[in-house]
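Using the sequences and the hints, build the whole thing.
The chain contents come next:
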Amino acid sequence: MATKAYQRIYTKLEGITKATVSLRAQGVSNDELAVVDGRLAQVVRIKGDQVTLQIFSGTEGIPTNAEITFLGEPPTLKVSEQLSGRFFDAYGHPIDGGPEIDGEERQIGGPSVNPYKRRQPSQLIPTGIAGIDLNNTLVSGQKIPFFADPDQPYNQVMADVALRADVDKIILGGMGLSNDDYLFFRHSFEAAGALDKIICFINTTENPPVERLLVPDMALTAAEYFAVDKNEKVLVLLTDMTLYADALSIVSNRMDQIPSKDSMPGSLYSDLAKIYEKAVQLPTDGSITIIAVTTLNDGDITHAIPDNTGYITEGQLFLRADSDTGKVIIDPFRSLSRLKQLVQNKKTREDHSQVMNASVRLYADAQNAKTKLENGFDLSDYDHRCLAYAKDYARELLAIDVNISITEMLDTAWKLFAKYFSPAETGIKQALIDKYWKS
Amino acid sequence: MSTKGIVKGIVSNLVTVQADGPVAENEICYILSGGTRLMAEVIKVNGDKASVQVFESTRGLKVGDQVEFEGKMLEISLGPGLLSSVYDGLQNNLATMESVFLKRGEYTDPLDREKLWDFTPLVKPGDKVSAADWLAQVKEGWLPHKIMVPFSFKGIFTVKSIKEAGQYKVDEVIAVLGNDAGEDVPVTMVQKWPVKLAVKAYREKPRPNRIMETGVRVIDSFNPIAEGGTGFIPGPFGCGKTVLQHAIAKQGDADVIVMAACGERANEVVEIFTEFPELIDPHTGRRLMERTTIICNTSNMPVAAREASVYTAMTICEYYRAMGLKCLLLADSTSRWAQALREMSNRMEELPGADAFPVDLSAIISNFYSRAGMVVLNNGQTGAVTFIGTVSPAGGNLKEPVTESTKKAARCFYALEQNRADQKRYPAVGPLESYSKYLDYPEIIEYLDKTVEPGWTGKVHTAKNLVRRGKEASEQINILGDDGVPMSYHINFWKSELIDFVILQQDAFDTIDALCPMERQRYMLDLVLEICKKDFEFEDFEKCREFFKNLINQLRQMNYSAWQSEQFYSYNDSVKKLIA
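Protein chains in written order, with the working numbering: chain A, 55 to 493; chain B, 5 to 584.
Each hint should be verified, as a subset may be incorrect.
[Claimed, not checked] Computed footprint of chain B on chain A, listed as stretches where at least three residues anywhere in the stretch have a Cβ under 8 Å from a Cβ of chain B:
| # | segment |
| --- | --- |
| 1 | 89-101 |
| 2 | 178-184 |
| 3 | 306-320 |
Read the hints as simulated data drawn from the structure, not as lab findings.
Where is the CB? At the ideal position from N, CA and C, for every residue including glycine.
If you want it as structure tokens, here you go:
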């Protein structure tokens, strides 16, 4: 740790934009923090003695004769067991009225885990939601976002998932969270009596957007403390990563960088990967699992933010309003968990993957039947059965308000198969039919 | 005296250095910051100012920090022990790093300096040799690893002395060579080579003239890649790029496989670490890991080293090619490499090309692809580097600079389609958009005539045509309805489905279907084409569908049965009965 024998103080700014200021200063180090007119800032560019600082809370009202103090170190977080049950702002200061944290001071955004020291993820994370557990099983050490339109209840689903998951710590990184949603999370955690294992870093819409850039690194530094030092299973919730990326584009724009697709910075992929790749299964049983939210603009996944995210994360969970049942479901076609085969049939019943494939395939046949119906063609008997099955399947398994065990999900699927189809129509292996078919 | 410098400016990982002496483009330098030495590469020089890209995080760097220039480009060490290793993009051995986290400025030795290798000389004193000539051989697992005259040696040398057969460490002098000037040059088992330069110590580079089998039908039968050829796989996320690439890595008919994980997920690399030591190479019966080197620069590792990683991987392939071996390089994903170039170009405030990529992107990509190829060595033997890269097009749109530039450089195009992936038709390689230019090479046509069967290429084109006709029919059926088209449309559609389900689709997770040798591919394609040649008559389209669905099911069961097993022939018989 650098000593603070003296602090360098300057009083002349040469340039001010909405997110950055620049001045002439000596001996400044890259990434170090500074305080400009009482606001926290970070060095983002040094050119000779010309230093550019990004002001997290915005530059409104900063005068050219503002006092600038360099702090000599990058942003840090104090880590210890005292973090548990606490609520912090983006800088790691308590916002719950409690005392400051005592503990080891760690730089945030630190180095990544040596890939060779990782272990292959293999522990199931059950959530009770069949659209996840049955079709897109989650595994500890995985990173996966919800892709959802802004009007969908993604924060509620995420809170449900977090509270049902069997983990030691839940760390929430809220970026641009509405105050209502922040209170919602707080109340659900309190109501579930889970406060002792919750840690929150919150930036609400009332806070300046650039502050958000600190939130994921803060949350993940805390996560690494519990996963690496304490060998705990940690679940990190990041909502909403689209607003995080928007903040990135604001800063790069103010620094006159040439934007790439959708006016996002050219480094968007690396910036997002640095966050998501913190998800890890350590050989010591500690793990970090990341569940994030990426809000979409009218379901458009080709936009740079969801597109880059999709290439980084291990799948995505797609929320969609189902017109047949009037419920929000987890779309079985566009959702994917890339790690599901590591636990299906191994940590779950032997018929899991076959039941999953058959049930989705039949649901796809129902969609085809629907298209036929819309185009005015006649429906066959099979088409009618598919349509009836799809309704039951959406209500009893795909809907996000389902909360049952994986064995119950499998049994429900077998029940629906028997209700509408012959064994041959499901295309499931004969041995499994013999064992599980509900005649 | 080597050149020294002082840091003058920092933007992310681009650092401006004022140098006090000569500086070369792509020269390596070290920045001394707070007790660590951070490696960097010169990417632009302007007056006495050099712009360098740092291969590590630049956090804490200061104006005024000292810089030492190395006087050489980024080099890697080539010698026995490369196989089975796991390196980062700069050839640091990841397995020998101690801490869980990657420490900044920690560099580890790529080769085991203490291991003793079984050494056999191949030359004797007095022999004349030149760069890349074989001096000796050591056993690297099963592979006869040649110790060569370093690629950088120019001119003719005379062997002055060579060690006797025995066990030696890599750093021992195993031979002394005399040059024209009468100087003696010692040679060890290790040589260094700058990764950005292609190794050209061979006699000639002819056109590829044979196929590299992958056991994947849609590649080998439909769009074969040549040994020493190039290909690329673009596709949106979730279309099975990784699964297809792993299948090629597991089954590809090559002596050496180098996998470059370039800016991709760490868990995918972990899958290789976990599985490859267990899996068996179908060609040699040995563990897959024995023939594999992994270059791992995952997406959260420093961006600049991502660019280096593909060059490091290529250089290792070229090294083994010079031993007369067949090498296969798989790079996932070259888009991440292009993005690294974009980030740097952006920080240097260069005028951008399309989508903010540097304007010379296309040239850089073709230059890299051109390093693959089959070569004739000085001793007349041949070696090959086959290169397959993946591309991750933004938004799944193939009209973007990386895909377009790669299309100009690579000879095989395996387009993964979202549509096919959604229907779980894996591998999701689109049968009509994808192509292999090798199918037009007279040498390849002749090779296929000889090794598969006479007229093979013609059959492949027939099959492609049937798929095209089927697609047209299916479009008509969708517009006009099942009853609105003549029966022949239904038959054409189902013939193309037959080819799709039996030949194009393949289950990468089934122990038997995953690997389909060429002989078996020939049998299946012949059988399917024989069926397609027949004229069928049906009462109505329902009957037609039923007939083909049944046929497809029987043929798929054949794919799942062991080759030429009783089960295989029993399904074969039922197929023959159906079409009799």
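Hint check, failures only
Hint 2 is the one this structure does not satisfy, whereas the remaining hints hold.
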